[in-house]
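Protein chains: 2
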Amino acid sequence: MTTTELPFAKGHGTENDFVLLSDLDGTLDVSADLVRALCDRRAGIGGDGLLRVARAGEHWFMDYRNADGSIAEMCGNGVRVFARYLFEEGLVPLGPLTVATRAGLRGVVLAEDSVTVDMGPPAFGPESVAVLVGVEYAGAAVSMGNPHLVCPVDRPLAELDLTRAPVFDAGVFPDGVNVEFVVPAGPLPGVDLHVAMRVHERGVGETRSCGTGACAVAADALRRAGRDRGTVAVDVPGGRVTVTLDEVTCLLTGPAVIVARGVLDPARAGAAVPAPDR
Amino acid sequence: MTTTELPFAKGHGTENDFVLLSDLDGTLDVSADLVRALCDRRAGIGGDGLLRVARAGEHWFMDYRNADGSIAEMCGNGVRVFARYLFEEGLVPLGPLTVATRAGLRGVVLAEDSVTVDMGPPAFGPESVAVLVGVEYAGAAVSMGNPHLVCPVDRPLAELDLTRAPVFDAGVFPDGVNVEFVVPAGPLPGVDLHVAMRVHERGVGETRSCGTGACAVAADALRRAGRDRGTVAVDVPGGRVTVTLDEVTCLLTGPAVIVARGVLDPARAGAAVPAPDR
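Chains as they are written, first to last, in this note's numbering: chain A, 1 to 278; chain B, 1 to 278.
Mixed in with the good hints, there may be bad ones.
Listed next, with one range per pair, are the computed distances between beta-carbon atoms [claimed, not checked]:
id	chain 1	residue 1	chain 2	residue 2	range
1	A	Gly26	B	Pro156	44 to 52 angstroms
2	A	Asp113	B	Asp33	18 to 26 angstroms
3	A	Thr4	B	Pro189	27 to 35 angstroms
4	B	Gly203	A	Gly26	46 to 54 angstroms
5	B	Gly176	A	Gly205	47 to 55 angstroms
6	A	Ala72	B	Val183	47 to 55 angstroms
7	A	Val109	B	Asp33	28 to 36 angstroms
8	B	Thr163	A	Val109	54 to 62 angstroms
9	A	Gly107	B	Ala267	45 to 53 angstroms
Just so you know, these hints were derived from the structure itself, not from any lab.
We put the beta carbon where it would ideally sit given N, CA and C, even for glycine.
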């Protein structure tokens, strides 16, 4: 390739996947066009978002962008993949780590097979309903910084049609809402509760995993079980995460994997195909 | 990473995208599981298929696998990306090249901005019809080694719903068929005809590009224009290819790009996520 090539990696946490760009000297200009080109799943590398790996003073800074090029404050699965990348590159050891994000500093614990991130405490909101293909599901609002509506359902999750967005009460959720549908799952050693969920993320559609959604679901499940703390295994379509709530915060634990690393030429990603003029 | 890491590249031709694995010494055991893991768009690298780059006697051999792990004989866009990879790696110069595939030897011409592959001659079959969401479209069977049904339509392509497979006459197409919908496109210098198409590939669904489909569409368009040779620009959703028919064969020309290259750990692709037990 040419001298314009950039080092990159691709990784995922429960199939929430990211393109990582190393920018240790802080010189990389990551435009929205570049993000869209690299996150394009056919003409680029492909990912739900892009993580620029940079420094901010004494901390590592996760510069997170959505696949559409917009800037996002935080991404729970993104922080876990970001931390795994730092370890893979030999930049940090296993153990505790603090990552700077646009939403503030986040505590992380890197282990051999998992990464844990401190997601902050949940805030419970009012009861509300989601309407999916004409069927109404009762649920409860939970904020993890972003808004969630957690709806326990009494039918198999596989039967739900999440190809269209659930209808919600815009009076309760003026900025839109991520909607989780939840069922109990079989007993599992080492946790207090075990549930399975599917999620429709606002502005995106159904996704394979949602870190804040898993935390909201776990908090709601514990509350419905009459508890204010405990550990919940949450199965998402892309795998399994574990959420632990205590008096002060919510910890999200799960796998985070770097699948590949290499170099890419940004001029070739996405921009290489002449646009048809129809 | 570990000592098990494999060199790989990712590339595409009009957004028909591939994971390439270098196997110059012919020692790589590419299982169907590995193909599925690497072609997984979230837990792996992501691609429509995998190209193992190997030697077969005096020729380069394209070992092509579909994303589901099955073996395929040929892929027109795959050969073009394969040839571009050989050039990028410094293994062949620009100019003519012969690539071995399971369907036999293919002539290729590598140029700076495009790759041309000899796809062999079309064979015209009977008229037939495709039924899409209750609407019948008349078309003609064209074989490029694999079966196509080319249907000129008189409505904007964007209005077609290709989320479901077109219904076809199983008497004419006992092994299924790839169905192309075609409209005329604006005048373009340097070509005899210019059309735009969308394609539903059998067993796959709508795709961004189909090399044999573009050839079938070009052959059909020339025949309908009363010609048996000529050059046709074919716009596919992923870009533009050019097809030239002469007395003996059909040449497919278009962009082919290597976007990234690096190393991956096959043990981490796809297999890293514990399966939820719901």
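To see whether the hints hold, each was checked on the structure:
1. A:Gly26 with B:Pro156: 44 to 52 angstroms: holds (47 angstroms)
2. A:Asp113 with B:Asp33: 18 to 26 angstroms: Distance hint for A:Asp113, B:Asp33 holds at roughly 21 angstroms.
3. A:Thr4 with B:Pro189: 27 to 35 angstroms: holds (31 angstroms)
4. B:Gly203 with A:Gly26: 46 to 54 angstroms: Because 48 angstroms falls inside the window, the suggested range holds.
5. B:Gly176 with A:Gly205: 47 to 55 angstroms: About 29 angstroms separates the Cβ atoms of B:Gly176 and A:Gly205, which means 47 to 55 angstroms is violated.
6. A:Ala72 with B:Val183: 47 to 55 angstroms: Given a distance of about 39 angstroms, which is not inside 47 to 55 angstroms, the answer is violated.
7. A:Val109 with B:Asp33: 28 to 36 angstroms: holds (32 angstroms)
8. B:Thr163 with A:Val109: 54 to 62 angstroms: Violated - the Cβ-Cβ distance for B:Thr163 and A:Val109, about 43 angstroms, lies outside 54 to 62 angstroms.
9. A:Gly107 with B:Ala267: 45 to 53 angstroms: violated (29 angstroms)
In summary, the structure is inconsistent with hints 5, 6, 8 and 9 from the numbered list given earlier, while agreeing with the others.
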